[in-house]
Each structure stands twice: as structure tokens, then as C-alpha cells.
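Visitor: Protein chains in written order, with my numbering: chain A, 1 to 130; chain B, 1001 to 1130.
In short, the hints are calculated from the structure, not lab data. Just so it is clear, CB atoms sit at the ideal spot from N, CA and C, and this is done for glycine as well. Among these hints, one or two may not hold up.
[Stated by the list, open to error] Computed, partial: chain A to chain B, Cβ under 7 angstroms:
1. Glu-3
2. Val-10
3. Phe-44
4. Val-54
5. Ala-117
6. Thr-122
7. Ser-123
8. Leu-128
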Amino acid sequence: MNELAKALDVSTSGLRAQSSRLRNLSENISNADTPGYRRKTIPFRTEFDAGNGVSKVEVGRVSLDDRAPERIYDPSHPMADDTGYYDGSNVDLLIELADARQAQRSYEANLKMFEQARQMSTSLLQLLRR
Amino acid sequence: MFQNLTVFETAYAMAVHASQRQAVIAQNVANADTPGFVGRDLVPFQEVYASDGANRSFQRATREGHLLGGSPENLEGIMREDRTLASPDGNTVSLETEMLRATDANRQYDRSLAIYRSALNILRSSLGRQ
Chain A
1 MNELAKALDV
11 STSGLRAQSS
21 RLRNLSENIS
31 NADTPGYRRK
41 TIPFRTEFDA
51 GNGVSKVEVG
61 RVSLDDRAPE
71 RIYDPSHPMA
81 DDTGYYDGSN
91 VDLLIELADA
101 RQAQRSYEAN
111 LKMFEQARQM
121 STSLLQLLRR
Chain B
1001 MFQNLTVFET
1011 AYAMAVHASQ
1021 RQAVIAQNVA
1031 NADTPGFVGR
1041 DLVPFQEVYA
1051 SDGANRSFQR
1061 ATREGHLLGG
1071 SPENLEGIMR
1081 EDRTLASPDG
1091 NTVSLETEML
1101 RATDANRQYD
1111 RSLAIYRSAL
1121 NILRSSLGRQ
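Kindly produce the complete structure, drawing on both the sequences and the hints.
Guide: And the structure:
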């Protein structure tokens, strides 16, 4: 496989991984006020593609964060226990937003690499023109 | 002169090196958020060229097996980054450095294509065609 095609392939895997990370983050953010919701995290790992000889990035299995949920005091809430507290979600919006910003930055970097590899192969094809 | 057009071979080897470097950088960028990933880079073309000066008749490969595929681990021509400079999750990739390298690779590629095109034009005009 042509080296530039490999570069395109790897950048695509990066774009895919970052966008699925962003999708997970938006699930967490939209469920920040759902009682009992536990935030999802997805691990990234390097997947060596022996066919092309490149190290792509893959997302692993979704896992749930074990952090203790926030205890919210509201005796009138239907889920409240005897002491008047109920379990909220364990989503920390600050962490999610920082993570989202990082995902966006990495997505843009991958997009830039994709664009550059594409432009390089275009300029190679220009050689055929007179 | 026309039996052995070294300038074309050199320009070709330079373009191959630049596109390989682009593929390696794309892998670094794609794995910029993978824990434990160690960034890689290729040996600069000048050094590859100088070390291979005796064998000018064949295309200069930066590492064995880059045309045949195979694992990129621990092969000649690949430089691994220093693990001591890693961030807390063991990742050594810095997006800024990668962007710098990508621009370098792109410039090298454009340069090699320009050399190729210019040599082609000289050949064309020696044939009497414009």
C-alpha cells in the first residue's frame, strides 16, 4: 500500500476515535442531571495493522466510572431515602468540558494531517499533467 | 547521461522518504491521546542518503521491508522518542512538534517533486519539444 494512502488510513482512524470519544462525552454531559447515572469512559489503544504495517488508534470497551455519585438533599424527591438524600450522577462537568476541548484539538490535528496527505498525493498527480 | 538518470532516482527516493515520514507522523498524531504510546520519527533523508552513497543505482529505502510490509518495530531508520519526556499517562507525542515535522515532510515532498519536474523539463527540451 502506498505510503500516503497509509497516512490517510491512520488519520481516518484518529478522526473516528476522537469523534466517538466526543459522542461519549456528550452522552455524559447530557446526563449530568440524571439521578444514578454513572459517567462512561472509553479507553484508547494502539492497534497494529499488520497488513499495512501501521499503528492505528482504536477505542476499547466502554467502562463506567466508579467514582461515588453526588449526594443531593431533596426530601420531596421520589428517590430520596430516609435521610432525605438521593444519588445524583457522578459526572463532573468541568472534567467533561476539558476532555471535550482536548478531543476537539486532537480531531483538528488529525484532520490537518489528512488534508496534508491528500494534498501531497494531488501534487504527485500534477506531474502527469503538462 | 541518459542511461542512468541519478537525479530522477534521488528525487524519487526523496519523495518516498517524505511520504513515509508523513505516514509515521500521521500515526503519532492519531495516537496523540493513547496512553503509553511512544512517538516515532524517521532518520532525516540527508543521513539516509549519505550512508547509502555507494549503492546509487537502486532506490534508497529508509528501512528494510518498507516495500514488503512487515513490522516497523526496532527496524533501522526509525527513531523512537525518549520515554523520560512522556506525560503522566506515558504518551510522548506533542502535537506542536508533530505539526512542525509534518510541515517539514510536506516541504521535502514538494521540493522533490519540483526537482523531478525540472529534470523532466530539461529532458523534454533536449528532445526538442516544449
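Visitor: For every hint, state whether the structure bears it out.
Guide: Results of checking the hints against the structure:
Using the Cβ-Cβ criterion of 7 angstroms, the hint placing A:Glu-3 at the interface with chain B is satisfied: the shortest such distance is roughly 4 angstroms. This hint holds: A:Val-10 has a C-beta 4 angstroms from the nearest C-beta of chain B, less than the 7 angstroms allowed. For A:Phe-44, the interface hint holds, the least distance from its beta-carbon to any beta-carbon of chain B being 4 angstroms, beneath 7 angstroms. Because the closest C-beta pair between A:Val-54 and chain B is about 6 angstroms apart, less than 7 angstroms, the hint holds.
Because the beta carbon of A:Ala-117 sits about 6 angstroms from the nearest beta carbon in chain B, less than 7 angstroms, this interface hint is met. This hint is violated: A:Thr-122 has a C-beta 11 angstroms from the nearest C-beta of chain B, more than the 7 angstroms allowed. Restraint check, A:Ser-123 versus chain B: the minimum CB separation of about 6 angstroms is within 7 angstroms; hint holds. Hint status for A:Leu-128: violated, given a least beta-carbon distance of 11 angstroms to chain B, over 7 angstroms.
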